[in-house]
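Enquirer: Residue numbers (the working numbering), protein chains in the order written: chain A, -13 to 281; chain B, -13 to 281.
No lab work stands behind these hints: they were computed from the structure.
Check the hints yourself; a few may be wrong.
No copy labels: a pair is met if it fits in one copy or bridges any two.
Straight-line C-alpha distance at most 27 Å; calculated DSS-like pairs for lysine-lysine [what the hints assert, rightly or not]:
hint, residue 1, residue 2
1, LYS189, LYS146
2, LYS181, LYS168
3, LYS92, LYS27
4, LYS168, LYS187
5, LYS92, LYS181
2 protein chains.
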Amino acid sequence: MTTPALIAIDWGTTRFRAYLLDSAGAVLERVSSEDGIMAVKPGGFPAVLVIRCGMWLARHPDLPVIMAGMVGSRNGWVEAPYRVCPATASDIAEAMAEVDIGNGRKARIVPGLSTRDAAGAPDVMRGEETLALGTGIQNGTVILPGTHSKWVQIENGQIKSFATFMTGEFYATLLSQTILGKLREEPDDATGFTKGVEAAKRKGGLTHLAFAARTSVLLGDISGHEVAPFLSGLLIGAEVDAGLEMGPSGGDIVLIADGIIVDSYTQALAARGRTCHTIATESCFTAGLARLLMA
Amino acid sequence: MTTPALIAIDWGTTRFRAYLLDSAGAVLERVSSEDGIMAVKPGGFPAVLVIRCGMWLARHPDLPVIMAGMVGSRNGWVEAPYRVCPATASDIAEAMAEVDIGNGRKARIVPGLSTRDAAGAPDVMRGEETLALGTGIQNGTVILPGTHSKWVQIENGQIKSFATFMTGEFYATLLSQTILGKLREEPDDATGFTKGVEAAKRKGGLTHLAFAARTSVLLGDISGHEVAPFLSGLLIGAEVDAGLEMGPSGGDIVLIADGIIVDSYTQALAARGRTCHTIATESCFTAGLARLLMA
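Could you put together the complete structure from these sequences and hints?
Expert: Structure (structure tokens):
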């Protein structure tokens, strides 16, 4: 049996996931629960850790414990201040915060990263730095789709910069809270997605282009069943266009994602003549933490 | 006393406004109520008209009655189908729908307009065509800010094309329903507006740029009091940039607006080196309907 080398914890807003890893980052055991940081009462973090991982901690008293994600935010266990980009794996490992987990034992928390683009615009991420490092790529772009999608630029193995796109949150909010959802009919018809990706090339910006999710139905260009996929295609298409424009023109494109969203991004990238390869989120997380342990 | 020449009705989603006008479009009398089309039961439109304007109708049995706005939509009194752009005042007047208002008397309803941009993207408006005609300009751009802002291009006195920007609806929804409002503090600090207008020039599109309403607070660029004005400035700045890019490079810019929004648009236009002059909504409406009566 392989020797455990690390207790790795992905502690986000809504989920708690812990892994017992060997030195190569392979998963020996895993636990997961709904104890995201929003569900933890002030001061309750040590107790949750013991409830979920107490057996591992007792069995392996000398094993390092590293946590990443929103557990290091202002509303988490302790705030691990944002490390400024560019940042190597070593830079990030050195900036880890420490917390006491009982019996004189310490755990470390991976800091988030901050960046500024050429115009001085700020951006932040927390958790995605670990996933991006876990891809192992030396040069290229890592895309992490989601509520707040991240496009991370990797140069010579370090995280050079990144950008956030509120694609998932805009989609959910615009569809449910604005006039754009009024003409939607279910079930969804996926042909709308292709039309939306194409529509993202038009001029006028999102507040203009999104209105076509309504007017295209009124004028017969799309059906009510295409409304939601059209809006999704428009938002993802706009994200892909802006992300490609902001990043390097070449290099690998790696997508860290699971499930249906993989197809959406693969299709939107293909519509712009680009290919990507996909790695599952858990693989990137465990590889990323194993890399930080060695850095 | 001037002779009445027209009963002009601005019947929108939430408001009913009626004017007794002379032949020059001057207001002799006015009434207004909350009987917007959403508050009118099916079949209830003739009764509302009589309740609000019965005295005028009785006093002036031969006066023309023209209505504009959402009263001509699918959910209104009768659907007055969209007239395709470009459209002169005569084109619009000829496309008016007729409804029976009792005693063999007819009222006319101004149709909305539809358009397609160079890429084929559709757009529609209803009510704003009357306001735009009421400016009386021969060449230039008419801006109608609001929930769904319209930028209307006028060429040789006709409505050539237009574009919608969901600026007001995006602002209200993003601020109240997404993470962007979480760091907002009140009262608002207007310096945020200037920063937002400036931020609209950055690259990345709205789903990226809007996230700065959060990250700029986290990294100390703006205060919580600047969050809402920053988002407003960003959205209006993006609208102004796109609207100016889509329209002619020269010509008049006329703003049809009342109240605080006048300052916001005037400031955003000035930040792009453009000036505008403002006309109040009521003046444009009455002048527009008087023009349609004569067309």
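Enquirer: Run every hint past the structure and note whether it holds.
Expert: Cross-check of the supplied hints:
Taking CA atoms no more than 27 Å apart as the test, LYS189 paired with LYS146 passes between copies only; the shortest distance there is 18 Å, against 30 Å inside one copy. In this assembly of identical chains, LYS181 and LYS168 lie within 27 Å of each other by CA distance solely inside one copy; the values are 19 Å within and 33 Å between copies. Taking the shortest alpha-carbon separations for LYS92 and LYS27, only the intra-copy value of 21 Å comes in at or below 27 Å, while the best inter-copy value is 68 Å. Taking identical chains as interchangeable, the C-alpha atoms of LYS168 and LYS187 lie at most 27 Å apart only when both belong to the same chain, with a minimum of 24 Å there against 31 Å between chains.
In this assembly of identical chains, LYS92 and LYS181 lie within 27 Å of each other by CA distance neither inside one copy nor across copies; the values are 52 Å within and 43 Å between.
In summary, the one numbered hint that this structure violates is 5.
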